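So you can see what is in the structure, the chains are spelled out below.
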Amino acid sequence: MISQEKDEIIERMLFGKLTSDDQKQFEMWMAEDAEFKETFEFRKHLGVQLRLKHRNELKQTFKQIREEMKLEETIEKEVVVLPIWQQNWFRAVASVVLLLGIGFVINDKISTYSAQQMAMQTTIDSLRATLDSLSLQASTNLARNPTDRDYLQKVSPKLTVRPQSRELPLYETNDVSLGFGKNEKPSNVLPVLFIPSTLRQYEYAEGMDTLRIYMAVSEWEQDWILIYNRPKDQYLLSNLKNNYGIIKGLEGRKALIKVNRP
Amino acid sequence: MNIDPWRNDRQLIKRWQDGDNKAFKEIFRQNVKKVTWKLVQDLGITHELAEEMFDDSMMVLHQKKETFTVKGRLSTYLYEVAKHKSIDEQRKPINQIMQSFEYLPRVVLDDDDFGNYEWEQEDFETNSLIDKTETIDIILHKALNLIDKKPCKEILVLRYWNELKLAEVAVKLSLDYGYTRKRAAECEKYIKEIVQKLKNKAQ
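These protein sequence lines map, in sequence, to chains A and B.
At position 42 of the first sequence (counting the first as 1) the number is 42 in the working numbering, and the numbers step up by one without a gap.
At position 24 of the second sequence (counting the first as 1) the number is 24 in the working numbering, and the numbers step up by one without a gap.
Next comes chain B alone, as it looks inside the complex:
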């Protein structure tokens, strides 16, 4: 009997957390077929839907990159996440589904479309970032592609994608908390400047 039954999974996760992105691809490849077919068989859903659910579970794993620990087979974890996501979606009343869509931007443009978007004068009448959410979302989306300052990108990803507290971000980047907080504020200022430049350019 194998003493460490999840050794392969553990090693893959360790490699990925140490910065080897190929390990994440390997996790995908090793589990996609097994989990997808299990979802098809257990839930009676289409293969396409099962693939989408598997993708969602891989995204959850990606979000938990910094804190994830192997406590069982990865395939079992991915299957359970996908299954629960599916059940949650089925249970969710329609009004809740609509609410969740409201939180997302209604218009997302590709980089190529950005310059072709027909800006209206009223989009720029206010300096506040609160009111014109649709416009702000479009500009922010574009601005995020332009960020190249270090460690701005890392701070943003760790805070908003990996959902780490600022104190945890500081530990992860081996920085002092106060310094990280200052850099995070500078980073926000920097994004606001890009947003402003993009607004001016569009005008």
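So here's chain A without its partners, still in its complex pose:
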């Protein structure tokens, strides 16, 4: 084991903190002391290999996180909520209700014929039983997670509407300048919901703390990103072809405006 003084010089050498006096001492020991030289070389290589090992491990971790994020985005894109009138159970229940209504009307009209009335009553009872069963099924389905892909595929193999939502951070400020770096306005995070629509529009909802941007489904298929235009100090919602600037103010106007490409 080398002396503490030699230990410390090696430490300073490895981390680039050698003084000029240290440098002279270091060179002298490297030339004259074989144990010192070997210890230094060993630690130098040990440090390089350990850093390399750590870097490789971290690279793997980063790769894994990226894959997880990509998977989450894919799942998010596949989340589907069908309008109620497009769901099979709703159609079935509606049909039964309609049949029941017709049944009651017929029942009134043929009330004088007891034999036929009894037969009709039997039909109505069986329809009621079917209705109860379907209602139970519907309520069970409603209670299930709407993102359950198996269930969604079961009820509708052809998907026509693909609502999606993403949350991006925006900063609520009392002036339109958002700043960056040290001047960045750190404050509340405002969730932005993107909801597909046939029209492109926007609105503030839920107590003016949620900006909803409606886009056509075809537009939403493109990859929209939130970018910061430093020279103009402005955030942009962009698909790299069209940009929408988001101008905000706590008291003043909140707007989504189309701007030129930065």
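Rather than coming from a laboratory, the hints here were simulated on the basis of the structure.
Here the structure is a predicted model, which is why all the values come from computation and not from measurement.
We put the CB at the ideal spot given by N, CA and C, even for glycine.
Among the hints, erroneous ones may be present.
As the list claims (entries may be wrong) - Beyond 10 Å from chain B on every Cβ pair, some chain A residues (computed):
1) SER20
2) ASP22
3) PHE26
4) GLY47
5) ILE65
6) GLY103
Stated by the list, open to error - Estimated spans, in silico, between C-beta atoms of each pair:
7) B:THR69 - A:SER20: 28 to 34 Å
8) A:SER20 - B:ARG29: 41 to 47 Å
9) A:ASP21 - B:GLN11: 40 to 46 Å
10) A:GLY16 - B:ARG29: 17 to 23 Å
We have chain A already, so just place chain B on it with the hints.
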């Protein structure tokens, strides 16, 4: 106005420094897109390159784990580190780049490849660890994967990855300085023994 604007970042760093590795992943997730796109936009580089630069800045943060303090937004810190690294790389003359490569081992084998490496007799002719740097690097790389002694692993990581002085390592591990120095020396001896065993095995 929020009184502590960097509260979220501060809490994440605190959790990570207290040993919660999920917090480090969360830092990555919260900043990767924002910083990457900013790098693409400001520096006019490809998305892939921006991702690499972001990874580098996360590595710098990881290295500074023990001493890092939040003085602003983490995204700003990561962006600045990545940007400066990129500028440094662009400014560096080609001979300097080549020199930096010389410091790294020229051959690094995966664990699976290790046994298949064709050792030459001359690799083992000297007992010195100085001469055959390439061979030593390969063996060391393998040896580091075999270290399981405590606190050997912790001491090595804190010294060579986090770049802490031995005195700081002692404080971090709540050990006496003299004891830590002794353990560090034992640890080096232990690695040398593994290296020797690996050499013998390869022969």
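Taking the hints in turn, this is what the structure says about them:
| no. | hint | result |
| --- | --- | --- |
| 1 | SER20 | holds, 20 Å |
| 2 | ASP22 | holds, 14 Å |
| 3 | PHE26 | holds, 15 Å |
| 4 | GLY47 | violated, 4 Å |
| 5 | ILE65 | violated, 5 Å |
| 6 | GLY103 | holds, 58 Å |
| 7 | B:THR69 - A:SER20: 28 to 34 Å | holds, 31 Å |
| 8 | A:SER20 - B:ARG29: 41 to 47 Å | holds, 46 Å |
| 9 | A:ASP21 - B:GLN11: 40 to 46 Å | holds, 44 Å |
| 10 | A:GLY16 - B:ARG29: 17 to 23 Å | violated, 33 Å |
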